[in-house]
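Chemist: Residue numbering for the sequence shown follows my numbering, beginning at 307 and increasing consecutively.
Incorrect hints may have been included.
[Said to hold, decoys possible] Okay, derived cross-link-like pairs now, PhoX-like style, lysine-lysine, Cα gap no bigger than 25 Å in a straight line:
(1) Lys597 <-> Lys519
(2) Lys500 <-> Lys634
(3) Lys423 <-> Lys310
(4) Lys433 <-> Lys614
(5) Lys310 <-> Lys352
(6) Lys480 <-> Lys634
(7) Lys524 <-> Lys642
(8) Lys516 <-> Lys480
(9) Lys423 <-> Lys391
(10) Lys600 <-> Lys571
(11) Lys511 <-> Lys597
(12) Lys642 <-> Lys480
(13) Lys490 <-> Lys500
(14) Lys516 <-> Lys614
(15) Lys490 <-> Lys310
(16) Lys600 <-> Lys377
(17) Lys614 <-> Lys571
(18) Lys312 <-> Lys423
(19) Lys490 <-> Lys642
(20) Lys462 <-> Lys524
(21) Lys433 <-> Lys377
(22) Lys593 <-> Lys425
These aren't lab readings, by the way, just hints derived from the structure by calculation.
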Amino acid sequence: MYNKYKSLFEKYADITVSMGVNVQPGQLVVVNCPVDCAAFGRMVAKAAYEKGAAWVQINWNDDSSHLLDYKYADIAMFDSVPDWKVESRMHYCRQGACFISILGEDPDIFSTADQEKIKHDAISRAKALTEYYEYVMGNKCCWTIVAVPVQNWADKMFPGEENSLDMLTQAIFKTVRIIDTDGKPVADPNAAWKEHCRIITERCKFLNEKQFKYLHYKSSNGTDLRVGMPENHIWMGAGEVATNGTYFIANMPTEEIFCAPDYRKIDGTLVSSMPLSYMGNIINNFKFEYKEGKIVAFTAETGYDTLKNLLSIDNEVQYLGEIALVDKKSPIASMKTIFYNTLFDENASCHFALGEAYPSCIQGGTEMSREELDARGLNYSLEHVDFMVGTEDLSIIGYDEDGVATPIFVDGSFVI
Numbered sequence: 307m308y309n310k311y312k313s314l315f316e317k318y319a320d321i322t323v324s325m326g327v328n329v330q331p332g333q334l335v336v337v338n339c340p341v342d343c344a345a346f347g348r349m350v351a352k353a354a355y356e357k358g359a360a361w362v363q364i365n366w367n368d369d370s371s372h373l374l375d376y377k378y379a380d381i382a383m384f385d386s387v388p389d390w391k392v393e394s395r396m397h398y399c400r401q402g403a404c405f406i407s408i409l410g411e412d413p414d415i416f417s418t419a420d421q422e423k424i425k426h427d428a429i430s431r432a433k434a435l436t437e438y439y440e441y442v443m444g445n446k447c448c449w450t451i452v453a454v455p456v457q458n459w460a461d462k463m464f465p466g467e468e469n470s471l472d473m474l475t476q477a478i479f480k481t482v483r484i485i486d487t488d489g490k491p492v493a494d495p496n497a498a499w500k501e502h503c504r505i506i507t508e509r510c511k512f513l514n515e516k517q518f519k520y521l522h523y524k525s526s527n528g529t530d531l532r533v534g535m536p537e538n539h540i541w542m543g544a545g546e547v548a549t550n551g552t553y554f555i556a557n558m559p560t561e562e563i564f565c566a567p568d569y570r571k572i573d574g575t576l577v578s579s580m581p582l583s584y585m586g587n588i589i590n591n592f593k594f595e596y597k598e599g600k601i602v603a604f605t606a607e608t609g610y611d612t613l614k615n616l617l618s619i620d621n622e623v624q625y626l627g628e629i630a631l632v633d634k635k636s637p638i639a640s641m642k643t644i645f646y647n648t649l650f651d652e653n654a655s656c657h658f659a660l661g662e663a664y665p666s667c668i669q670g671g672t673e674m675s676r677e678e679l680d681a682r683g684l685n686y687s688l689e690h691v692d693f694m695v696g697t698e699d700l701s702i703i704g705y706d707e708d709g710v711a712t713p714i715f716v717d718g719s720f721v722i
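Please model the entire structure based on the sequences and the hints provided.
Modeler: Set out below in structure tokens:
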């Protein structure tokens, strides 16, 4: 596959380095990469060195090996994380490194694993890596997440198709502006990304000037939700600026405009519109009832136990940390394909996130303490999990301090 699409994968590696984390001369680069995606990991390392990186550290991971851990290891082994794993991340943080995460996974790989072990593993890692996650969520470094195709993922997306891997490869390239909708190579992907970011930034500017007090979501699938917004909130999208002044794009692809809600002021019903892949398990057709910010009831047709475990990681994961707007006409949405991967599916649909809020979504937030952020309505949690709620007829109306209504979405699309 990599030989067949070699030049396109090289372009992908280049934008990952130049647009994703914006590698600076003399910088350290950390790449987290699945062993099944090793060829692309090496391409990224080469591209980083060509941009002037001083050192590229590749950390390999293997879900198939981890599946063996879940099968054979005692549950007590998942209640702690070795100190060296924590210190290795913080070492590179202190050195001013940027971080690239490469995804390439089977959405169902942990579907047969012991769910209690998965829960213990998720909680212990979240607790052990709290400082690291705060560093990343606070944009104190440049970071990006990209994905490359693997066979099991392709078969999940395109069951029964002999050329499923080719189909997934081309779908990914379209989402990251490596090829156009006709399958032809984009002459200058970097320029295409810069124009894309400019358009998103204009919409963010409009919403930031409005400073809505709350938003009202309504859809025929049952969603009817009021979402309070914190004072001096900041809508963001496409790229962000790290605290060191470097511009980066955290997710590639990205189509969203996002912000942090006031986690204490969420009331009503919120219904999912797409499956959620979490810890190697699929959760589908789920619904939350919110009262004063907290989930007071939930259901799920598929993956109920997985959802229950997710919602028990800590108390705060039962509150919302992110609100994101994505037009139903976005390039990914137009594919009419479920990727079974949040990096892509969240860019095909409006979505929310359970748990942690981004401090950068409020003025001065990156300099605030956890207590100061909480006082302003920004949630803190060990988790941050996106789930999709966008529909063909989704309506979103913003209301200002005087109660004046401004339509933001009509029938699933922007009207601003």
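Chemist: Could you tell me which of the numbered hints above are not met by this structure, giving the numbers in increasing order?
Modeler: Checked against the structure, the hints that fail are numbers 3, 8, 11, 14, 16, 18 and 20, while the rest are satisfied.
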